[in-house]
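Undergrad: Required output: the full structure, derived from the provided sequences and hints.
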Amino acid sequence: MLLKEGQIRIPSGCAVSAVISREGNLMSGEKIVASMAPMHERSNGLGGGFAGYGIYPEMAEFYAFHLFFDDKESKKECETYLKEGFEIVKAEPIPVRKIPAITDEPIIFRYFLSPLRSRIADAQVDEREFVARAIIHINVKIDGAYVVSGGKNMGVFKAVGYPEDVGEFYRLDEYSAYSWTAHGRYPTNTPGWWGGAHPFGLLDFTVVHNGEISSYDANRRFIEAYGYKCTLQTDTEVFTYIADYLLRRKKLTLEETANVIAAPFWSTIERKSPEERERLTYLRNVFSGLLVTGPFSIILGFEGGLMALNDRLKLRSMVVAEKDDRVFIASEEAAIRVLEPDAVNVRAPEGGEPVIVRVQEGKY
Amino acid sequence: MNILDARTTDNASLNESLRALSGSCSIIGCVGERFIGAGLSDKTIDISGTPGNALGAYLNGAKIIVHGNAQDAVGDTMNAGEIIVHGNAGDAPGYAMRGGKIYIKGNAGYRAGIHMKEYLGKLPVIIIGGRCGSFLGEYQAGGLIVVLGLNNDGKRIVGNFPFAGMHGGKVFLRGRTDGVIFPDKVSARTATNEDMMSVESYIKEFCSVFGINADEVLSSPFTVVTPDSANPYKRMYVEN
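Same order as they appear, the protein sequences are chains A and B. The opening residue of the first sequence carries number 1 in the numbering used here; numbering runs sequentially from there. The opening residue of the second sequence carries number 365 in the numbering used here; numbering runs sequentially from there.
Since the hints were made in silico from the structure, they are not lab data. All values reported here derive from a predicted model rather than from experimental measurement. From the three backbone atoms N, C-alpha and C, an ideal C-beta is built for every residue, glycine too. It is possible that part of the hints are untrue.
[Stated by the list, open to error] Derived PhoX-like pairs: lysine-lysine, alpha-carbon spacing no greater than 25 Å straight-line:
hint, chain 1, residue 1, chain 2, residue 2
1, A, K272, B, K519
2, A, K98, A, K72
3, B, K519, A, K323
4, A, K98, A, K83
5, A, K83, A, K141
6, A, K272, A, K323
[Said to hold, decoys possible] Label-pair restraints from in silico Cβ distances:
hint, chain 1, residue 1, chain 2, residue 2, range
7, B, I576, A, S267, 31 to 37 Å
8, A, K251, B, A376, 46 to 52 Å
9, B, I392, A, D325, 27 to 33 Å
TA: As structure tokens, this is what we get:
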């Protein structure tokens, strides 16, 4: 039997791409899928995926859970669990296009959920915490069920295969989003499995990642002390939980979050102005367990925006460009040229320098 | 002139066609095709679009001209020839380069010219018109790197941690080097006329390729960076 992620570790590149409209204009998924083609060699067919924001405007008030199930039993068990805490407003299979390149798919379902007020009151937590706990519960406790994403008006679509094929399989040309992220996978430490493909999602946070985290175990130990459970041994998962912990629970800004994850070297901090030095020193000391070392380029998606970040040594490539209301981010400029041949202000951010793009308030 | 359309082919067949044809060639519509011109010795390749990573890797005498930006690892381990980029280059241009010239009109990313080396008549040269990211010339063992800093954006000419582990070769930085931290094991001093004589012809050629006024470029003072002894790592490794 094939060992899943979390059961085996194999000691090896990836591709990322994203587009966002600062004015909240909706874009079909077709282009983001096409943008992955010039970076085909960065993947090896063992994982591809996309996150789209703004894709469910008619159901925008409900949490959209995308789920993978191994079998009917796990689906039944998961639905029983969901009914305890949520009203299931709608449940349906995610439409797919059967193609030879994508095989062995799990049961792929989506649920539009409204958390029950009484249960939130019982738990004495806020709504987002209640939903986050439910997602972690399903992933950890319900064998054979895996929440792919669970935010509002957004969703993750991922599979084992090349990203171009994954996009076709999920019929992404039929969705429109104000923000898309994409990933092509070359798994290096774990075997490819549907749940292990990127993006990783928790609530509306999603992460696509190219690289390998040397500090994985240190980060995992820190984050697991706060109720998260890293079930996959794949490093990207820990990024998602770090983002959720720092942004939602500790209420750090995106800039501060970047300064924690890719904290500057002490020698670089020494050269800053006194206030900046104090700020950066504080963040490094308080959240020392969340410093992520090793090569990475990540794109964090969230409701209304994106943040791109490289490791502080910039051991992975990342290029940013723009055109009118749109901002593009990718591992390679070629991918951006597919999204927009006339993109301007093409630049490579420095290691540890976050690129933050927000959609105008009220436009998403 | 032969014309190859990158949009109608894949990486491997593009390079196969390139190797097979005789005479010079123009490649149009590049979007990320890798290893273009790898190992070639005998042609001029004119590229429009965005060529992919490892452009001109192991280049052995051919000339490549890019009318746009280049991605990562331009001229990786190249031995001879010329690569001219009319835009910016990504990370690690001239990685482990051992001969030939790379001229980049704009900026270069991180790790430009790392592990460059030279031997007898083989002297690799990289000239960057703009600025460079961090780790410029890391572990440089030979060859010549010139950074002109012709931008007006007020940003530092090189990023953090340049010249770490440098034990051979020379780097010339034009203009002010405020805020550049040089490691202990290199010496950085104002270039003398004699120093400049060793690079002037390259800088003039660079300027003529890109239509830049060479006199103006050369009128500014330069800083020359060299390892501070002939063999600073001798004690750390074997006698050689």
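Undergrad: Does each hint hold? Answer for all of them.
TA: Hint by hint, here is what the structure shows:
Simply put, K272 of chain A and K519 of chain B have alpha-carbon atoms about 15 Å apart, close enough for the 25 Å limit, and the pair holds. At most 25 Å may separate the alpha-carbon atoms for a hinted pair to count; K98 of chain A and K72 of chain A meet this at roughly 20 Å. As the CA atoms of K519 of chain B and K323 of chain A are separated by approximately 24 Å, the hinted pair is consistent with the 25 Å bound. Among the hinted pairs, K98 of chain A with K83 of chain A is inconsistent with the structure: their alpha-carbon atoms are about 31 Å apart, more than 25 Å.
With a C-alpha separation of about 16 Å, the suggested pair K83 of chain A and K141 of chain A falls inside the 25 Å cut-off, and the hint holds. A C-alpha spacing of about 33 Å is found between K272 of chain A and K323 of chain A, which places the hinted pair above 25 Å, so the restraint is violated. The hint said 31 to 37 Å for the Cβ distance between I576 of chain B and S267 of chain A, and at roughly 35 Å that hint holds. The hinted window of 46 to 52 Å between K251 of chain A and A376 of chain B holds, with their beta carbons roughly 51 Å apart.
I392 of chain B and D325 of chain A have their C-beta atoms about 30 Å apart, which keeps the hinted 27 to 33 Å range intact.
Against the hints set out earlier in the document, violations occur for numbers 4, 6.
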